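A.B. asks: If you're matching them up, the sequences are chains A and B in order. Per full-length UniProt numbering, residue 1 is the first one in the first sequence, and the count goes up by one each step. Per full-length UniProt numbering, residue 1 is the first one in the second sequence, and the count goes up by one each step.
In short, the hints are calculated from the structure, not lab data. Source: prediction; values computed, not measured. The reader is advised that the hints may include incorrect statements.
Copies of the same chain look alike in the list, so a pair counts if it fits in one copy or across any two.
Taking lysine-lysine pairs in the DSBU-like style, the calculated list, with each CA pair at most 35 Å apart, reads [said to hold, decoys possible]: (1) K9 <-> K315; (2) K12 <-> K315; (3) K353 <-> K9; (4) K251 <-> K315; (5) K50 <-> K97; (6) K315 <-> K423; (7) K362 <-> K9; (8) K315 <-> K214.
2 protein chains.
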Amino acid sequence: MPDTELTTKILKAVDDGLQEQIDYTAELVRLPSLRGQEATAQDFMARSMKERGYTVDRWKINVEDIQNLPGFSPVHISYDDAWNVVGSHRPNNAKGKSLILNGHIDVVPTGPLDMWTRPPFDSYVDGDWLYGRGAGDMKAGLAINLYAVDALRRLGYMPAGDIHFQSVVEEECTGNGALACLQRGYRADTAIITEPSGDRLGSAQVGVMWFQVKVRGRPAHVAYAGSGSNAIEACFPIIEALHGLEAEWNKDRHPMFHDEEHPINFVVSKIEGGDWTSSVPAWCTFDMRISCYPGQDLADVRRAVEETVAGASRKSSFLANNPPQIVYHGFQAEGYVLEGGEEGQDLLKSCHKTVYGEELQKRIFTGTTDARFYGLYANIPAMVYGPKSTEIHGFDERVSIESIRKVTQSVALFIADWCGLEKAA
Amino acid sequence: MPDTELTTKILKAVDDGLQEQIDYTAELVRLPSLRGQEATAQDFMARSMKERGYTVDRWKINVEDIQNLPGFSPVHISYDDAWNVVGSHRPNNAKGKSLILNGHIDVVPTGPLDMWTRPPFDSYVDGDWLYGRGAGDMKAGLAINLYAVDALRRLGYMPAGDIHFQSVVEEECTGNGALACLQRGYRADTAIITEPSGDRLGSAQVGVMWFQVKVRGRPAHVAYAGSGSNAIEACFPIIEALHGLEAEWNKDRHPMFHDEEHPINFVVSKIEGGDWTSSVPAWCTFDMRISCYPGQDLADVRRAVEETVAGASRKSSFLANNPPQIVYHGFQAEGYVLEGGEEGQDLLKSCHKTVYGEELQKRIFTGTTDARFYGLYANIPAMVYGPKSTEIHGFDERVSIESIRKVTQSVALFIADWCGLEKAA
Numbered sequence: 001m002p003d004t005e006l007t008t009k010i011l012k013a014v015d016d017g018l019q020e021q022i023d024y025t026a027e028l029v030r031l032p033s034l035r036g037q038e039a040t041a042q043d044f045m046a047r048s049m050k051e052r053g054y055t056v057d058r059w060k061i062n063v064e065d066i067q068n069l070p071g072f073s074p075v076h077i078s079y080d081d082a083w084n085v086v087g088s089h090r091p092n093n094a095k096g097k098s099l100i101l102n103g104h105i106d107v108v109p110t111g112p113l114d115m116w117t118r119p120p121f122d123s124y125v126d127g128d129w130l131y132g133r134g135a136g137d138m139k140a141g142l143a144i145n146l147y148a149v150d151a152l153r154r155l156g157y158m159p160a161g162d163i164h165f166q167s168v169v170e171e172e173c174t175g176n177g178a179l180a181c182l183q184r185g186y187r188a189d190t191a192i193i194t195e196p197s198g199d200r201l202g203s204a205q206v207g208v209m210w211f212q213v214k215v216r217g218r219p220a221h222v223a224y225a226g227s228g229s230n231a232i233e234a235c236f237p238i239i240e241a242l243h244g245l246e247a248e249w250n251k252d253r254h255p256m257f258h259d260e261e262h263p264i265n266f267v268v269s270k271i272e273g274g275d276w277t278s279s280v281p282a283w284c285t286f287d288m289r290i291s292c293y294p295g296q297d298l299a300d301v302r303r304a305v306e307e308t309v310a311g312a313s314r315k316s317s318f319l320a321n322n323p324p325q326i327v328y329h330g331f332q333a334e335g336y337v338l339e340g341g342e343e344g345q346d347l348l349k350s351c352h353k354t355v356y357g358e359e360l361q362k363r364i365f366t367g368t369t370d371a372r373f374y375g376l377y378a379n380i381p382a383m384v385y386g387p388k389s390t391e392i393h394g395f396d397e398r399v400s401i402e403s404i405r406k407v408t409q410s411v412a413l414f415i416a417d418w419c420g421l422e423k424a425a
Numbered sequence: 001m002p003d004t005e006l007t008t009k010i011l012k013a014v015d016d017g018l019q020e021q022i023d024y025t026a027e028l029v030r031l032p033s034l035r036g037q038e039a040t041a042q043d044f045m046a047r048s049m050k051e052r053g054y055t056v057d058r059w060k061i062n063v064e065d066i067q068n069l070p071g072f073s074p075v076h077i078s079y080d081d082a083w084n085v086v087g088s089h090r091p092n093n094a095k096g097k098s099l100i101l102n103g104h105i106d107v108v109p110t111g112p113l114d115m116w117t118r119p120p121f122d123s124y125v126d127g128d129w130l131y132g133r134g135a136g137d138m139k140a141g142l143a144i145n146l147y148a149v150d151a152l153r154r155l156g157y158m159p160a161g162d163i164h165f166q167s168v169v170e171e172e173c174t175g176n177g178a179l180a181c182l183q184r185g186y187r188a189d190t191a192i193i194t195e196p197s198g199d200r201l202g203s204a205q206v207g208v209m210w211f212q213v214k215v216r217g218r219p220a221h222v223a224y225a226g227s228g229s230n231a232i233e234a235c236f237p238i239i240e241a242l243h244g245l246e247a248e249w250n251k252d253r254h255p256m257f258h259d260e261e262h263p264i265n266f267v268v269s270k271i272e273g274g275d276w277t278s279s280v281p282a283w284c285t286f287d288m289r290i291s292c293y294p295g296q297d298l299a300d301v302r303r304a305v306e307e308t309v310a311g312a313s314r315k316s317s318f319l320a321n322n323p324p325q326i327v328y329h330g331f332q333a334e335g336y337v338l339e340g341g342e343e344g345q346d347l348l349k350s351c352h353k354t355v356y357g358e359e360l361q362k363r364i365f366t367g368t369t370d371a372r373f374y375g376l377y378a379n380i381p382a383m384v385y386g387p388k389s390t391e392i393h394g395f396d397e398r399v400s401i402e403s404i405r406k407v408t409q410s411v412a413l414f415i416a417d418w419c420g421l422e423k424a425a
C-alpha cells in the first residue's frame, strides 16, 4: 500500500478525473457494440490507448489459432469483424509486478425498445446512476482500467511494471476474445477484470454451456392435427425434463455455492418453430443456457443433457424414432474458483478497505466471466472486482457512479503498490 | 344427365385427355406458388384460359375494395403481388344454367426440404400418385376445372351456359381471393370447388381463425433467472389453457360433426421468442390456428379466446400486470353448411354414381374452404368435390391420378347437364 500521503493524493486524483471518466464511459456506451458490431467501439478504445502513449495491438481473432486451445467455445458465426484491442504500458526498467486489466467491449441485445425508459444507447445520468446497455456490463469497467492509471499520471507517476489494458470481444457468448489474448502471448503476475461485481471480489463462478435442441415434427394439415406431431409442443416436456436436471443440481451443491439462493439456472432463452399457421409445425429449435459447478467436467455435463433430452423424447412415439438433435455452440465454459495469488488478493483487500472503510466481501458468481481463462489455462490468478450495477441484460441497465469512483480508487491504489511507481516521462 | 351414348363419349373424352391433363397438372405444380409468389403460376393459368378462348380477367386484389365486406379477413402483408385470374366462357345465347368452377393457386410452405423424398416442386408420378407441394391442394383441381370442359370440346361441344373458371390467391390464409371474385361481380347458379375432398361432397366445414399471442417477459441476466419472468415459458400454460377450450368444444358438438374423431383443432403452429442465449427472454409470440362450428359467431369465439388467455395470465404475477396482446390476422372464417341447391347436389350425386358405380358420400371438413363465401355471402350453393389426396400441408403431398380421372368425368357430365351443350364454334 502507498503511504498515507500518497494514498490521499491518489484518491483525490481519481476524484479530479471522475467527471471526465463518467463522460468517457457515457460516450463509450453510446457506441452500440452488439456482438458483430464492436469494431467502432474498439477503434474508440484503440484511440484512447494510443493517446495515452500505450503500444496498441489490434487484431482480428482467427479461429484456427485458438480452436485447439483449452477453453475454446465453438462458434457458428464469422469472426470477420471480431477485433481485439490490447494497449500495453511497458516501463523501460520494470521494477514492479505485471498486471492485466481486462474488460469486454461486447454488449448483449437490447430486447424490445419500448420497454426501455430511454433509448438503450442514449446514455444518461440520473442521480447516482449512469444508464444504458453495457453501462455496467462492462463499459464502466473498461473506463476504470484506463482512468485508474490516468489518476497516477495526473500525479506525475506511471506504473513501474507492465500493464496490459485488454478490450476483448466475445465475452458474452464464448470468451474466445480473452482466449485469443492468451494465445497471442499476453501474460502477467495477476489479472483484474472490472466486471460489475458490486464492489466485491469474485471468488467462484459457475461453468456455463449453451446448446440448441432441434426438434422435428410430423406436419399435417391442422384440420387433422391428431395425425401430425407438433414440433413446438414436443419441446415442452423436453424443457420440463431439463428443468428436472437443474433442480437436481441445485440440491446437490458445490460447497462454495451453499449460500446462493439458486446457483444453477437452466434458461430456455430463444425459440423458433413452424412456417405456416395452418400447418402442424415440422420443426422447432430452442436455445438453452445452463450452468454447472466448478470441477464438473463439461463432457459429463453434455452427457447429462443428452440423456435427459433422450429420456424425454422416448416418451413420444414420433420423437423416439426421430430423436432431437443437440448442437453445441457458444459457451463451453468451465467453472472457476479463485485460488492462489494470495499476495494480490491481500493487497486488493487492503486497498478496498482503505477506500470503503469496510472489508472486501466475497462474490459468488452464478454466471461466467473471462476470469476462467487466466486462472485455469495460464496460471494467472484473476480477480473479478468492479462496480455496482443493476439490470444487466435487462431494461434500463445502469451502474452506480459512486461505486465507479471507489472501484477506480481501489484499483489505482492496487496498481501503485503492485507495479510500483516511477516518475512519468 | 346426358343420355347413355353421350355419357360414354364424355367419359372416353376425359380418358383421351388424361395424359395431357396429368402433364399439365405436373407443370403447374412445378411453379412454386407460395403465398406472395403466385404471379407466375397465375400467368400460366391466364395463358391456359386465353388459349382456350375464354375471356381473361386478371386483377390485383385491392384491400380497400373488400375490407368492409362480410367474410373479409385482416392481413398484415402487402397485396402488391396478389393477382386473381378468372377466365369466362360466355355462349352467345346462354340456354343452360351458369357455373363457377373455382380453385386456388396458392400453396403452403414446404417445411424442411430434407424431409421430402424428392424436392417438393419437382413434381413426378409414381404409380397412381402425382407428387409435389400443391399437387392435391389444389392444382389437380384447377386442372380438372379446365380439362372437364376440354373433354366436351374434344367431342365438338361447348357448355350452353356461362362458366367462370376462377384461379384465386389467399385461400390458405384468408380467402380474400374468393371474396374479391364476389366483389368483382362474379355470380352463378352454383359453384363447384375441386378441393381434394377424397371423391366426396363437402357438406359442412368448420370456421377457422388465426391469431397471434404476444407475451412479454421481464428480462434479466440468466445468472439470476429467478428475478426475471421468462416470456417463452410463460406461453406454455396459456397454450395449455387454450387446449382446455378446444377440449370443451370437442365435447359440445354441432350435430353435423358428431361422427368426426376430433373436429375442433387448436394448433400452435409458429413460435418465436428471445434474442440472446444468456438473457431471460423478454418476448415470445406464438401463432395459433383454431376452429369453431358453423353458426358460432366469430365475435363470441374471439371473446372465448381472450377470456382463456386472460384467465391463464392472471396466474402469473408478471403477466397479470403485463397482459399478453392478442392480434387477429389471417383467417376470420365462419363455418359453413351446404344448404339449398338441391338440384345441383342431386345432379352431382347422379353423375358421381355413373362414374364411380357407388353413391356419393358426404365429407365433413375440419378445415375451411372458399365455399363459405359463395354460400354465406352470395346465396350461391357451393359444392366442394375433388380428388383423393394425402399429406396435404405435409411432406410428399400427392394426389391420386385415378381419382383425378373420375372427378374430371363427374364434373364433365355435370357441366353437360347443368349448362347444356351447344356445338363448338
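A.B. asks: At most 35 Å between CA atoms: does that hold for K251 and K315 within a copy, between copies, both, or neither?
C.D. replies: Both: 26 Å inside a chain and 27 Å across chains, each within 35 Å.
A.B. asks: Check K353 against K9 for me: Cα-Cα at most 35 Å, and say if that holds within a copy, between copies, both or neither.
C.D. replies: within (17 Å within a copy, 105 Å between copies)
A.B. asks: Between K362 and K9, at a C-alpha cutoff of 35 Å, which is it: within one copy, between copies, both, or neither?
C.D. replies: Answer is within; shortest intra-copy Cα gap is 28 Å, inter-copy 94 Å.
A.B. asks: Within a copy, between copies, both or neither: which one fits K50 and K97 at a CA-CA cutoff of 35 Å?
C.D. replies: For K50 and K97, the Cα distance is within 35 Å only inside one copy (23 Å; across copies 88 Å).
A.B. asks: Is it within a copy, between copies, both, or neither that the alpha carbon of K12 lies no farther than 35 Å from that of K315?
C.D. replies: For K12 and K315, neither the intra-copy (66 Å) nor the inter-copy (53 Å) Cα distance is at most 35 Å.
A.B. asks: How would you label the pair K315, K423 (within, between, both, or neither) given a Cα cut-off of 35 Å?
C.D. replies: So K315 and K423 fail the 35 Å test inside a copy (72 Å) and across (66 Å) alike.
A.B. asks: Which holds for K315 with K214 at a C-alpha limit of 35 Å: within a copy, between copies, both or neither?
C.D. replies: Classified as both: same-chain Cα gap 17 Å, cross-chain 30 Å, threshold 35 Å.
A.B. asks: Since the copies are identical, ignore which copy is meant and state whether K9 and K315 lie within 35 Å (CA to CA) inside a copy, between copies, both or neither.
C.D. replies: Neither. Shortest intra-copy (69 Å) and inter-copy (57 Å) distances fail the 35 Å Cα cut-off.
Consistency with the previously given hints fails for numbers 1, 2 and 6, ordered from lowest to highest.
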